[in-house]
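Chemist: Sequence:
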Amino acid sequence: MVVAPLDFQNALVTHFWYERLDICLYLASSTLLTHDYICTVGSEIKYVWSSPWSIGLILFYINRYLPFVYFILISFGKVSLMTVRECIWVTPLTLWTVTASLLASQAVVILRTYAIWGCRRLIFYVLAAWVIIFPGSLIVLVAKATASIPKTSKALTVFNNRKLNCSIVPVDVGDVIIVLVHYLMTFLGEFAIVTLTAIKAHEHVRNTSCSWIDQLYRNGIFQCGCILLLSLLNLFMAYVAPNELKTSILPLQCTFHSIFCSRVVFLLFKNRTIRGQRDGPVTNSGSSAIFTTVPLQTTDSQERAYIEWV
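Counting with numbering that gives the first Met the number 0, you get residues 0 to 309 for the letters of the sequence shown.
Read the hints as simulated data drawn from the structure, not as lab findings. Check each hint, because a few of them may be wrong.
[As the list claims (entries may be wrong)] In silico DSS-like cross-links for lysine-lysine, where the CA-CA straight-line distance does not exceed 30 Å:
#, residue 1, residue 2
1, K143, K77
2, K143, K269
3, K199, K245
4, K77, K150
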């Protein structure tokens, strides 16, 4: 009987525990997302399903439902046994699905921030720089990672006729410095969004008696703060975590992005429905009013910030 070297056995046990921790984080994230959906599907039916189609509504549905597709794909990769050929197909699809979900969530946050600042040109430039940095660097990293999968999977060709766990398929995201720079830029951009939201909250909440506006800002600051902490944790994990855990926070990040952005949209659609029942139906005219409930040209920035976007 051949006994494996002690170092190899220790490495195998360590890898096993890393995989267990990764699966636990995945299960916790998917459970939290499912629980939130069950709790809020009534609000979605009541306030969202009857709304006219707009870019904001499309972003909401992407942000709301794409994470479920992501978790289904993860379950195939982490729980099911598949061939190497199937893993090479499923792994890139999983990465691009979570990327699209995160980009939709960030679009909601960015457009909300732009709206509460009255669509000012300076804020547009600040957020445009953020759009270039975050989605741009994220897309480059994911493209590099997915392109590396067929090459790095050549060593697994000996398992072509066997079923295996797709978590063993190596994914190369490139130099760790590049990953750290991406997470650092993401952290700084989200810190800027939190700061911009807090500034307007201090200005608007003092000058209005609308409870939903107060709730919008309080929830927005709390949600942005949580996302900021997750970005900081991602930065930390990218620097110190072993390879098996470097992306373990991603399901949790995807879940919180989806939940927080959905809650913001629910609040806005609820307010629009109540205002429509009281004052008559609210309609959006043109692309400039996609994220406001009144035409921009007839409303000053203060009123637009109060009414917000839908």
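Chemist: State the violated hints by number, sorted upward, taking the hints as numbered earlier in the document.
Modeler: 2 and 3
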